[in-house]
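Residue strings, one per chain:
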Amino acid sequence: MNALHTVTTPEAEDVLAMAGEVWATFLGEEPLLPAGPAEQAPGWSAAVTVTGAWPGMVVIELSTAAAHAVATRMLGTPQADEADTTDAVGELVNIVGGNVKSLMPEPSVLSLPVVTTGRIAVPTGQVEVVRLDLEWLGEPVALRVHAHDDSTEGGIR
Amino acid sequence: MHALIIDDSRTMRIILRRILGDLGFTTAEAGDGQQALDAIAAGPVPDLCLVDWNMPVMDGYTFVQRVRANAEHRNITLMMVTTESSHGHVVKALAAGAHEYVIKPFTPEAITEKLELLGLVRNGVPA
Chain A
0 MNALHTVTTP
10 EAEDVLAMAG
20 EVWATFLGEE
30 PLLPAGPAEQ
40 APGWSAAVTV
50 TGAWPGMVVI
60 ELSTAAAHAV
70 ATRMLGTPQA
80 DEADTTDAVG
90 ELVNIVGGNV
100 KSLMPEPSVL
110 SLPVVTTGRI
120 AVPTGQVEVV
130 RLDLEWLGEP
140 VALRVHAHDD
150 STEGGIR
Chain B
0 MHALIIDDSR
10 TMRIILRRIL
20 GDLGFTTAEA
30 GDGQQALDAI
40 AAGPVPDLCL
50 VDWNMPVMDG
60 YTFVQRVRAN
70 AEHRNITLMM
80 VTTESSHGHV
90 VKALAAGAHE
100 YVIKPFTPEA
110 ITEKLELLGL
120 VRNGVPA
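Quick note, the sequences are listed as chains A and B, same order. So the first sequence is numbered by numbering that gives the first Met the number 0: it starts at 0 and just counts up by one. So the second sequence is numbered by numbering that gives the first Met the number 0: it starts at 0 and just counts up by one.
Simulated from the structure, these hints should not be mistaken for laboratory data. Here the structure is a predicted model, which means the values were calculated and not measured. Heads up, the beta-carbon is just placed ideally off N, CA and C, and yes, glycines get one too. One or more of the hints may lead you astray.
[Stated by the list, open to error] To spell it out: a stretch of chain A is covered by chain B in this simulated footprint if at least three of its residues, at any positions, have a beta carbon under 8 Å from a beta carbon of chain B; those stretches are:
{"no.": "1", "region": "80 to 90"}
{"no.": "2", "region": "93 to 100"}
[To be verified] Looking from chain A toward chain B, a few residues come up when the C-beta cut is under 10 Å (computed):
{"no.": "3", "residue": "21"}
{"no.": "4", "residue": "22"}
{"no.": "5", "residue": "23"}
{"no.": "6", "residue": "24"}
{"no.": "7", "residue": "25"}
{"no.": "8", "residue": "30"}
{"no.": "9", "residue": "32"}
{"no.": "10", "residue": "34"}
{"no.": "11", "residue": "50"}
{"no.": "12", "residue": "70"}
{"no.": "13", "residue": "108"}
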């Protein structure tokens with residue numbers, strides 16, 4: 000059996016629509032636009048994990064400029080330091096992750112967000128089921144949803 | 000009218016502070032449920048608490064239970080503001096004593112509308 004047959008996945012269009020609403024609500028009028036894969040590694044990454052009926056992980060990757068723009072816009076300040084950026088990007092993935100969770104079978108529990116510079120590690124046993132390569136303010140933004148694959152040993156549940 | 004904003008994200012506290020400030024509320028902030036209980040004990044007792052669900056140390060659901068277990072705090076209005084959007088979470092929070100439930104993302108208008116429904120805001124200012 001193909002491993003993906005055991006994985007429940009959200010629809011990419013639903014994830015994109017939800018992310019667009021989050022962006023419009025907190026980050027201003029400039030839309031998230033479809034784009035090709037980023038040529039460079041992300042400057043910042045943030046993730047939340049979901050455990051329960053739908054075990055999975057939601058990851059947002061942003062360029063450094065995009066991450067700082069997230070922070071300044073959410074905080075309403077002209078500049079953002081590293082702590083500001085960590086908090087703002089963490090809240091962004093918390094909201095996006097919570098809304099992805101709402102698309103999936105319940106009951107599930109959402110973790111607190113993890114934020115790091117660079118790329119975030121995805122645990123063994125998670126397969127990427129949605130990848131949205133996007134552009135915001137001319138900067139790369141990627142939204143990835145991983146789901147636990149029952150056929151993969153050693154993963155988280 | 001005094002509000003206590005309880006969220007582990009400083010970013011979200013700032014967003015909510017801006018909205019409540021525009022409505023004429025004075026505000027205080029706490030980063031988790033335990034900090035919020037400590038703030039209430041120290042005073043002033045808030046008229047309104049905006050409560051996130053997922054927080055370290057003490058989550059918002061436990062905070063709601065603890066506030067409702069104290070008869071001295073029966074006049075505090077509790078409004079959940081959270082990404083937890085399942086029917087089960089909403090029912091659980093309301094059964095524990097929360098008065099309203101707002102799901103992130105929200106607009107300032109959504110918060111204002113809920114506060115009007117609760118009778119805490121009228122014509123854009125605290126009632």
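Cross-check of the supplied hints:
{"no.": "1", "hint": "80 to 90", "result": "holds (count 5)"}
{"no.": "2", "hint": "93 to 100", "result": "holds (count 6)"}
{"no.": "3", "hint": "21", "result": "holds, 5 Å"}
{"no.": "4", "hint": "22", "result": "holds, 9 Å"}
{"no.": "5", "hint": "23", "result": "holds, 8 Å"}
{"no.": "6", "hint": "24", "result": "holds, 4 Å"}
{"no.": "7", "hint": "25", "result": "holds, 6 Å"}
{"no.": "8", "hint": "30", "result": "violated, 15 Å"}
{"no.": "9", "hint": "32", "result": "violated, 19 Å"}
{"no.": "10", "hint": "34", "result": "violated, 22 Å"}
{"no.": "11", "hint": "50", "result": "violated, 12 Å"}
{"no.": "12", "hint": "70", "result": "holds, 7 Å"}
{"no.": "13", "hint": "108", "result": "holds, 8 Å"}
Of the numbered hints listed earlier, those contradicted by the structure are 8, 9, 10 and 11.
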